[in-house]
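**Student:** For reference, the chains in residue letters:
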Amino acid sequence: MIQIPVKERLFKTDAGGRAVLMGSVCPACGTRFFPARGSCAKCAKRGLAQTDLAREGEIVTYTIVRQAPATWKGEVPYTIVWVKLDDGPELMSHLIGARESDSLIGRRVEVVLDKLRNDADGNEIVVHKFKLAPNGGNR
Amino acid sequence: MRNVTIIGAGMHKCGRYPDKSYVDLALPACLDALDDAGVPWKDVQSAYASHISQGVSAGQAIMGQIGLTGIPIYNVENACCAGSTAVNLAFHAIASGQYDVALLVGFEKMKKGVIGGIFDEMSLEENLGLNVMPALYAMLANSHMHHYGLTQEQIAKVAVKNHKNGALNPHAHIRKEVTVEEVLASRMIADPITLLQCCPTSDGAAALVLCAEEVGGRYTSKRKVFIRGSSVVSELCGRENDVTTRASAKAYEMAGIGPKDVDLAEVHDAFAVGEILHCEHLGFCPEGEGGRWVDEGRTEITGEIAVNPSGGLQSRGHPLGMTGVAQVCEAVWQLRGEAGARQVADARVALTHTQGAGGVCSVHILAV
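Protein sequences appear in the order of chains P and E.
Under the working numbering, the residue at position 39 of the first sequence is numbered 39, and the numbers go up by one with no gaps.
Count along the second sequence from 1, then add 1000; that gives the number in the working numbering.
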């Protein structure tokens, strides 16, 4: 079975097999972004450089979606977390492996790759998600 | 810049109208607003039509049913702020002297079900199931509950208040009161937001006639309602949560007033918790105190500041292109003393606020 990323150039795996998010950094003001973009949201400089982003971050807030839009084909409920990575970019994705009773705001998380769904040929479509960092993470 | 007044307001009651087209909703609202203003169509010099997804040239289709006079007609989309944006555009056009008289109409026919955000089908957000508007407000609710101790009961009380106000509003979609228990027991959409904390999906239309102050006397002797402040803002990098703070600051500065001067406010309560968060960011109460203000009844029609005396989006409904215009209609009726059972005593200054997907916010300040 083949694993296909949901979109190109969002993530990769490092030498140790761990998920790494790929983003942009502004050479003028240093702001970092995910996903990658062409010009800086802060200072509008063009020609941002590619960069690997921090693998860990903190949960800013979350919710558990129990009524999804008609276009969502996956399982319900699912937990969405809003994460601020240690090097600045903020993004949302699913949190996996946590219990509904877990207190989440302020918790440390790490980026992982996980199945989003299967495509028509049975391949796995893979996307970046988050897991609670073991033992509170590296901070 | 000249003074701009609103001299006419009209509305088509919100509800579900599967057999009505958007023209069937918008046209009567326009005619009612023109009649209210005493303005004949030949004197209307420009028209604005705010909607999100009603189709190409919707404004022309509506205005063409009134008269074909060749005037400029502008279609305006800005997510949930579309109607407010139309008011902002018409206001500036008149204030700058481009036109003397303008008509604007906001309208929408809504699909059922959970509403998404702005993201297209191919986007990462759509793929991840992040495209869920209640989920965004649910996340803000959870943060506020964590940091300030906001409770589910306080949020539910907003839904209760606005349903109570809506029951007094002949144009509201939902005119049935609810209890805190019913709100909290209704189906969970995205924790902690339950179904009865979400505005209904409704069809509707609202229209306004704006004119330069100096020409209004030709048409009407009703109390003049001035647009004193008008703002539209988008996101600022790194400060995505403060669109309401910035939009209201601009409007307050333009009007030369502060939050304490506001008698009533129509605030974006698509989700009940939104009203609490927005009241804090609009400066009506200190940050973190919004829940306590609801507990103390300070946002009731008879309270310190009447918030959503119309019943808000919670009970009037939220036909996307209509809402910003409907809020200003309510402000006009309140400031003229025409709000009937919902009348806020001594209403002299009103504020309207909408906030939309993609980081849009618009605030208006109206006064007599």
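Hints in this document: simulated from the structure, not taken from any laboratory.
Errors might be hidden in some of the hints.
Keeping only pairs whose Cα atoms sit at most 30 Å apart, straight-line, the calculated DSSO-like set for lysine-lysine is [said to hold, decoys possible]:
1. Lys1111(E) - Lys1164(E)
2. Lys1164(E) - Lys73(P)
3. Lys1176(E) - Lys1111(E)
4. Lys12(P) - Lys42(P)
5. Lys73(P) - Lys1111(E)
6. Lys84(P) - Lys45(P)
7. Lys1020(E) - Lys1157(E)
8. Lys73(P) - Lys84(P)
9. Lys42(P) - Lys73(P)
10. Lys131(P) - Lys12(P)
11. Lys42(P) - Lys1112(E)
12. Lys1111(E) - Lys45(P)
Everything numeric in this text was worked out from a predicted model, so none of it was measured.
**Student:** Go through the numbered hints given earlier and state which of them the structure violates, listing their numbers in rising order.
**Tutor:** 2, 7, 9, 11, 12
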